[in-house]
Amino acid sequence: MDMIELRNISKSFESHKVLDDLTLHVKRGSTFVVIGRSGCGKSVLLKHIEGLLKPEAGEIFVDGKSILSMPDADMNSLRMKMGMVFQGGALFDSLTVGENVGFSLIEYSSLTKDQIHGRVEESLKLVGLSGIQELTPSELSGGMRKRVALARAICTNPDIILYDEPTTGVDPITADAINDLIRGLHDKLRVTSIVVTHDMKSAYKIADRIGMLYQGKLIAEGSPEEIQNSGNPFVHQFINGLAQGPITDDIKRTL
Amino acid sequence: MIKKAILFLGKKTASFFYFTGGINKLALEAFYLTFKPPFKEKPFIEQCRKVGVDSLPIVSMVAFFIGVILALQTAYQMQRLGSEMYIASIVAVSIVRELGPIITALVVAGRVGAAITAELGSMNVTEQIDALETLAANPVKYLVVPRFLALSIMLPLLTLYADAIGIFGGWLICVNKLSISSGMYTHITFNTLLFKDLFTGLAKTVFFGMIIAFVSCYEGFNVQGGAEGVGRATRHSVVNSFILIIAFDCFFTAFFYFIFP
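Those protein sequence lines, which keep their order, are chains U and Y. Note that the working numbering numbers the first sequence so that position 34 is 169, with each residue one more than the last. Note that the working numbering numbers the second sequence so that position 188 is 337, with each residue one more than the last.
Since the hints were made in silico from the structure, they are not lab data. Do not rely on the hints blindly, as some may be mistaken.
30 Å max Cα-Cα, derived BS3-like pairs, lysine-lysine [unchecked claim]:
#1 216(U) <-> 185(Y)
#2 336(U) <-> 216(U)
#3 200(U) <-> 290(Y)
#4 153(Y) <-> 248(U)
#5 174(Y) <-> 189(U)
#6 248(U) <-> 185(Y)
#7 185(Y) <-> 174(Y)
#8 162(U) <-> 152(U)
#9 162(U) <-> 340(U)
#10 161(Y) <-> 185(Y)
#11 191(Y) <-> 189(U)
#12 189(U) <-> 199(Y)
#13 153(Y) <-> 152(U)
#14 216(U) <-> 290(Y)
#15 152(U) <-> 174(Y)
#16 216(U) <-> 191(Y)
#17 290(Y) <-> 248(U)
#18 174(Y) <-> 161(Y)
#19 191(Y) <-> 290(Y)
#20 340(U) <-> 352(U)
#21 160(Y) <-> 200(U)
#22 340(U) <-> 260(U)
#23 248(U) <-> 162(U)
#24 216(U) <-> 352(U)
#25 174(Y) <-> 290(Y)
#26 199(Y) <-> 248(U)
#27 189(U) <-> 352(U)
#28 189(Y) <-> 290(Y)
#29 199(Y) <-> 185(Y)
#30 248(U) <-> 152(U)
#31 160(Y) <-> 174(Y)
#32 200(U) <-> 161(Y)
#33 199(Y) <-> 290(Y)
#34 323(U) <-> 387(U)
#35 152(U) <-> 160(Y)
#36 189(U) <-> 153(Y)
#37 161(Y) <-> 152(U)
#38 189(U) <-> 160(Y)
#39 174(Y) <-> 248(U)
#40 189(Y) <-> 216(U)
So that you can see chain Y by itself, here it is in the shape it has in the complex (with noise of 0.2 Å):
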């Protein structure tokens, strides 16, 4: 039983190396040929439709639905206190903060990134990634460079999109329903918004990108077996994804409140 045990660790620890091995290995490699010629375009402009404005309309629906939520939740409290003229700073540093990020980065995650995995995982098994290698196309290159840059660089612009439309929702429940006027909802808003505020949470979805690119497409280059395999890929890489963008996120929260507080 305790051998049993003990064995069953060890096989998850060394396949937890092996598994962020990869990943920095991959990560490493695509760095370095992002920077390196020939640059083709095309395909970038292609992964930038894909990650973002095909993601634009769950993205708004999501952020606007997160935006109204959080603005009854605050009320239902604020009333009690008598405070409502602060639940439109709550919203606007909640969402700008926290919750326009990670929720953005978990949408795509689950529709950007598993279909990454999917699509890198059938060419696998399919041997297209293969075939690339013996047309003498770098893989690393001409499948993750793409996908890389299009999430690092869209998905912050899909956050900031998510932000406003999040508060939007917000300022309709405020408006229409907790008799706020607009004109002080917007102002509130706008002064209770600091610099720091956008830019801490514009700065990790950066990372989020590259943790949503870096473990689909790793996961998808290491598909075994057929159909099967891709399902179970594309699992872990939903799964893996959420747990490090949660991860990273909490790392990354602490780090800004105890070095810029």
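Chain U with its partners taken away, still in its complex shape (with noise of 0.2 Å):
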């Protein structure tokens, strides 16, 4: 069953079409990985899951409901049991890491002090991080930023994770602790995974299927193995990672 399904989705930004008729279907457990250029409005698809940007045509199903006719109570119910980690962690300034971390559990939960603190430090720990919660996020390092909201994004346990980018300005080692984290998930708790990311390393290591995005359109989906012996020229130069091709082809055209 699908538990995330995107029909005939269409959005433009003034005159330019980010997402063309796009339709997409995420199974229940299974990690999506979305690959594609920077721009190509792979952000603009989490946020349209999230309910933070509303399409002009099409429907979007989360968990069998659709989220565009949802009232904002019932769209806060689900917005409770999805998490998502942002491009570029987007933690609140104002907060401590320990706050920005349990800020779910702090805001809703009636759980106690110390056991918010033990959650937290848990959710830190399984990013690699520990005894950090005092700190703010300006005194953290880009990588430790995006770990951190990794980490706020599992405290609650959600059943779904969309992730912008999550190993993009980590190191090596870190990005393959959180594929690994990312795949842990998946394998151990069942969570449905968007994941969008042009790191295709990552890519290979923690997909179920792989959708390429192009044009405001998904132009090739299916499991890592079917994507990189794939015949389309388009995904081809991206999974190659080539300077020249039908791509750069396109916009060399429209220059």
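The task is to assemble the complex, starting from two chains supplied on their own in separate frames and drawing on the hints.
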């Protein structure tokens, strides 16, 4: 059964069409990786699933429910079951690391301070950090901020996690640890994930399915092996990181 | 040329309605969410500190200088007429009815309003406002309501304080330089001031506080672009707050003048 389903989504910003009649199915408990060039609309796609952006046309279903016609209260309950890791971390500057990670628990749960502290520490340990609850985000490095953002997303044990470039800007060892974590959440807790990335090493490691977004549409979709052996020239150029090919030819033509 | 001018005017009119519509929508949502649980006092107290306590030094300084200037300028006129006795009453009424409220509001709009827009604008460009929504927290409830409440409550209190400091500035000049006795100055000040003066002076500051809160939050929420966008929004926030405060003050003064003379 599909946990996330996007049906014929279209979205434009001014005259630029970012998503064009896009359809996407993500099975419950699976990890779907969306690859594509920077600025091709991958983050916009994630923001639609979180209800942060509304499409001009199409339908979005999460856990079988249409989120576009959902009342605010229901949408908020659904968001409690979802976690999102933003590209730049999006940690709240005015709060400490502990308050950031435990934000939902502090705001909505009836847990005691000590219990919340314990849960936060547990989440931070999962991303390879500990003892930094009292620091503020400005005292962290870029990579640490990203891991704290990851800890914030997993702190409430969500059913769905959306990752916006989780391994960009972190060192290769941390990147691999993040890949292991995403894989672990998938294997142990059957978390449904959508990961937006252009890090192909990461994509092959964590994905059940990979889809390539190009000019607002998913131009190819398949298992990591299928994508790796794809005959589609656009996919071939992208996954092999070639400077010459149909994608760059398209760009030259529009210039 | 004419076509260009019409297009320009049309664009400006549309953006004016977009702005006022946006402010009204934000204000209505904030009013509604103010009375909707959960109620958290910590962010409200924090904002009261930022708006009220932290503004005390600059408000004290500005109010004091205004009191001194007003006494000196009034003395210049009154000495010609040989009516120095009126200085105290003119200073008191001018400060309590007009200068105290407007100067405090403009100082707070420049100091606090700009800071709010810059803070919310930075949060916006770094996706922190989106992150709030994904964590099921309403950004208006979480960010706007405490600021709006703090500004609407602290601005009248700051104004009351500014009134006292301004009158003190006037007193200092009159007693030390114009040979008016301290007792006489105080007596005239309190005899002249009516409850109506104090009430009209303070009542409008509640609205000034709301103007600062909604304009600065609206501009912060609608930042586009990076650091440059934050800078532009902060400038718009201060300029629009100033214009709206003065326009509203004019309307309010006329209203009280004609309805309750």
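Now the hints, each set against the structure:
1. 216(U) <-> 185(Y): Status holds; Cα separation ~23 Å.
2. 336(U) <-> 216(U): holds, 28 Å
3. 200(U) <-> 290(Y): holds, 26 Å
4. 153(Y) <-> 248(U): violated, 62 Å
5. 174(Y) <-> 189(U): holds, 19 Å
6. 248(U) <-> 185(Y): Given that 30 Å is the threshold and the Cα spacing comes to 25 Å, the pair holds.
7. 185(Y) <-> 174(Y): Measuring from Cα to Cα gives roughly 17 Å; hence the hint holds.
8. 162(U) <-> 152(U): With a Cα-Cα distance of about 27 Å, the restraint between residue 162(U) and residue 152(U) holds, given a limit of 30 Å.
9. 162(U) <-> 340(U): With a Cα-Cα distance of about 18 Å, the restraint between residue 162(U) and residue 340(U) holds, given a limit of 30 Å.
10. 161(Y) <-> 185(Y): violated, 36 Å
11. 191(Y) <-> 189(U): violated, 33 Å
12. 189(U) <-> 199(Y): violated, 36 Å
13. 153(Y) <-> 152(U): holds, 29 Å
14. 216(U) <-> 290(Y): With Cα atoms ~21 Å apart, residue 216(U) and residue 290(Y) stay inside 30 Å; holds.
15. 152(U) <-> 174(Y): holds, 28 Å
16. 216(U) <-> 191(Y): Since the Cα atoms of residue 216(U) and residue 191(Y) sit roughly 27 Å apart, the hinted pair holds (cutoff 30 Å).
17. 290(Y) <-> 248(U): Satisfied, since the Cα-Cα distance of roughly 23 Å is no more than 30 Å.
18. 174(Y) <-> 161(Y): This hinted pair holds, its Cα atoms lying about 20 Å apart.
19. 191(Y) <-> 290(Y): holds, 13 Å
20. 340(U) <-> 352(U): holds, 24 Å
21. 160(Y) <-> 200(U): Between residue 160(Y) and residue 200(U) the Cα gap is close to 41 Å, so the pair fails against 30 Å, i.e. violated.
22. 340(U) <-> 260(U): holds, 22 Å
23. 248(U) <-> 162(U): Violated, at roughly 36 Å.
24. 216(U) <-> 352(U): holds, 27 Å
25. 174(Y) <-> 290(Y): holds, 14 Å
26. 199(Y) <-> 248(U): Holds - the C-alpha atoms of residue 248(U) and residue 199(Y) are around 26 Å apart, at most 30 Å.
27. 189(U) <-> 352(U): Holds: residue 189(U) and residue 352(U) sit about 17 Å apart, inside 30 Å.
28. 189(Y) <-> 290(Y): At roughly 10 Å apart (the allowed maximum being 30 Å), residue 290(Y) and residue 189(Y) satisfy the hint.
29. 199(Y) <-> 185(Y): holds, 24 Å
30. 248(U) <-> 152(U): Since the Cα atoms of residue 248(U) and residue 152(U) sit roughly 47 Å apart, the hinted pair is violated (cutoff 30 Å).
31. 160(Y) <-> 174(Y): holds, 21 Å
32. 200(U) <-> 161(Y): Distance of about 42 Å is beyond 30 Å: violated.
33. 199(Y) <-> 290(Y): holds, 18 Å
34. 323(U) <-> 387(U): Since the Cα atoms of residue 323(U) and residue 387(U) sit roughly 46 Å apart, the hinted pair is violated (cutoff 30 Å).
35. 152(U) <-> 160(Y): holds, 24 Å
36. 189(U) <-> 153(Y): Status violated; Cα separation ~34 Å.
37. 161(Y) <-> 152(U): holds, 27 Å
38. 189(U) <-> 160(Y): Distance of about 26 Å is within 30 Å: holds.
39. 174(Y) <-> 248(U): Distance ~37 Å between residue 174(Y) and residue 248(U) Cα, so the pair is violated.
40. 189(Y) <-> 216(U): holds, 24 Å
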